[in-house]
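Asker: Listed below are the residues making up each chain.
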Amino acid sequence: MTPILFIEQMLNGLGYGLMLFLLAAGLTLVFGIMDVMNLAHGSLFMGGAYVAASVHTRTDSFVGAVLAALVVVVLVALVLEALLVRRLYGRDHLAQVLATFGIILVADDLVKMAWGPAPIMASAPAALSGAVEILPGLPYPAYRLVILVAGLAVAGGLYLLVNHTRVGMLVRAGASNRAMAEFMGVRVGRIFSLVFLVGAALAALAGALMGPLTAVQVGMGEEILIPSLVVLVIGGIGSIRGAFVAAMLVGLVDTIGRAFVPLALRPLLPPTLVSDLSALIAGLATYALMAAVLAFKPTGLFPARG
Amino acid sequence: MKLERWLPWCAFAALAVFPLLAPALGLDFYVNFVRRALIFALAAASLNFILGFGGMAALGHMGFVGVGAYTLVALADAGHASAWLLWPAGAVAGGLVAAAIGSVALRTRGVYFIMITLAFAQMLYFAAVSLRAYGGDDGYNLMARPTFGLGLDSTHEPTFYWVVLALFGGVMALLNRATVSRFGHALMGIRDNEVRMQAMGYPVFRLRLADFALAGAAAGLAGALLVSHNSFVSPSVMHWTQSATLVVMVVIGGVGRRWGGPVGAAVWIGLEEIARQHTEYWHLPLGVLLVAIVFLAPRGIAGVLERRRRAAPAALAADGRPVEATP
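So the protein sequences, as listed, match chains A and B.
Going by our numbering, the first sequence opens with residue 1, and the numbers climb by one from there.
Going by our numbering, the second sequence opens with residue 1, and the numbers climb by one from there.
Hints may be right or wrong, so weigh each one.
[Said to hold, decoys possible] Pairs of lysine to any residue, SDA-like flavour, derived with a Cα cap of 25 angstroms:
no.: 1; chain 1: A; residue 1: Lys112; chain 2: A; residue 2: Gln217
no.: 2; chain 1: A; residue 1: Lys297; chain 2: A; residue 2: Val253
no.: 3; chain 1: A; residue 1: Lys112; chain 2: B; residue 2: His278
no.: 4; chain 1: A; residue 1: Lys112; chain 2: A; residue 2: Gly64
no.: 5; chain 1: A; residue 1: Lys112; chain 2: B; residue 2: Asp138
no.: 6; chain 1: A; residue 1: Lys297; chain 2: B; residue 2: Leu209
no.: 7; chain 1: A; residue 1: Lys297; chain 2: B; residue 2: Val195
Please keep in mind that the hints were generated in silico from the structure rather than gathered at the bench.
Using the sequences and the accompanying hints, generate a full structural model.
Answerer: Listed below in structure tokens is the structure:
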């Protein structure tokens with residue numbers, strides 16, 4: 001186990017964490033401000049991945065593909081919010097879960113109709129297919145580096161938006177105490193629509209960026225949704241800062257679980273047991289983290305409310 | 001109302017004679033279909049016991065079904081074959097795991113409870129995937145169906161059907177008894193006003209845990225039956241989308257209604273089958289239906305029936321004024 005491998009895996013974990021952050025940020029604001037549990041957020045992620053993959057295959061322009069994904073998904077989110085999500089606020093969480101689950105079903109089949117049931121090919125742009133030596137003797141895939149940079153840039157941008165702009169102030173006010181914000185004259189409904197759209201854009205970006213790294217297939221939204229919700233819960237509902245810290249934690253724990261647990265167990269146990277057990281531990285690691293955090297801080301690390 | 005009295009018995013009788021009539025109607029295939037629906041009806045009823053009567057929105061119930069299934073798999077793999085051992089073992093395993101999970105999850109409320117039950121279900125899913133001895137992600141093929149002894153042949157489809165029906169009836173009777181018992185009423189009290197029940201001295205946590213464990217046991221039994229029915233199980237049965245579908249079934253039937261689980265399961269599985277026959281994109285109409293239900297009929301079929309009943313007065317009182325229909 002070399003230091004190079006360690007750093008590489010840490011960077012991978014960071015990259016995964018940043019993508020989770022993009023998803024969780026949207027989720028946490030929507031849930032924090034409007035108290036709407038939106039399971040279909042994963043479907044927006046899926047939409048972003050599919051659109052970016054097809055546009056990139058057709059036009060060979062990665063930037064164009066990402067922009068196309070953003071535009072398409074934001075438009076879809078606009079319609080979704082106006083027709084359905086808006087009517088879900090005020091309802092109990094179970095109703096929200098069910099309605100957004102219905103949206104997931106519809107989205108899955110629409111994607112299947114448009115792109116077919118088989119996973120589609122999403123390639124990284126040719127210019128980024130090599131490796132960059134970020135430290136002497138440490139080559140790292142250029143594409144993953146771009147994801148890291150993009151993720152950090154977006155995180156930074158989001159931080160500035162939420163903490164240093166007037167809109168961001170209204171968003172934080174709405175997240176911390178919606179009723180009071182409304183009494184103070186904030187048009188919380190408008191803020192919510194904006195937050196929903198920004199969240200959708202972030203999810204689409206995450207999908208477009210992650211497409212080349214994972215399989216672009218129907219159901220990818222449901223897969224990434226659970227880790228995103230775990231980040232949401234660990235970070236604290238309504239808090240961007242919490243989502244960021246939690247996403248980093250989850251990304252690192254997940255990678256440590258997958259990469260290093262087998263290495264740690266190998267000298268101790270017989271081989272078949274090692275692979276079964278490490279698969280188990282890797283899968284459970286993030287949930288164990290969530291349980292541990294909730295045991296000490298039942299409302300998450302940095303809850304926006306209360 | 002009288003309808004609610006005899007309708008379940010009629011339905012039960014119809015279900016009982018169905019395998020006898022099916023060959024004449026050319027519906028042999030559907031005997032197995034109805035059997036699968038019965039198993040899911042059992043799972044849905046167990047969820048309703050937590051969701052409807054206990055007021056706990058648990059989004060990981062299929063995890064317990066999976067526990068029951070994999071317990072049977074583990075025992076069958078070790079050489080045991082008797083249903084008398086395998087099925088109760090599934091139920092017990094489901095109950096124990098539910099008690100363990102509940103002891104942690106029930107300390108949370110609201111959305112955190114939903115999240116934690118979801119997370120635990122995913123943990124069970126990953127645990128099953130990592131069990132390569134039992135097929136891992138590919139699933140496990142049961143070599144032989146559990147035997148009944150007593151001269152009954154479990155591989156004879158109608159016989160297996162009747163045993164499942166009898167078990168379903170038995171467990172439903174048990175759950176319905178529990179609902180109207182003091183335990184059930186305490187649960188409903190906790191559902192409606194937890195603080196008050198706590199102030200009155202009821203052991204809220206323990207009652208909820210008992211509720212959760214009982215439902216987990218019934219779900220475990222359903223899981224054991226499911227793997228016996230399919231002769232196959234895979235971790236995907238515990239995926240959170242399956243649990244969400246189970247919640248959908250309960251909501252369609254009517255949350256907190258006595259037969260909400262079975263009715264909802266029957267409707268959902270029936271509609272799924274119809275949709276499947278017409279198109280490969282059958283998720284779409286079901287998804288639309290789900291959204292429609294949330295907005296138009298949030299209390300499910302039972303709610304729709306109730307609204308109809310309230311619209312027409314039941315009878316006229318002695319002085320000619322209409323009597324209010326009792327809900």
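Asker: Each hint needs a verdict: does it hold in this structure or not?
Answerer: Hint check results:
no.	hint	in the structure
1	Lys112(A) - Gln217(A)	holds (9 angstroms)
2	Lys297(A) - Val253(A)	holds (18 angstroms)
3	Lys112(A) - His278(B)	holds (16 angstroms)
4	Lys112(A) - Gly64(A)	holds (23 angstroms)
5	Lys112(A) - Asp138(B)	holds (23 angstroms)
6	Lys297(A) - Leu209(B)	holds (22 angstroms)
7	Lys297(A) - Val195(B)	holds (22 angstroms)
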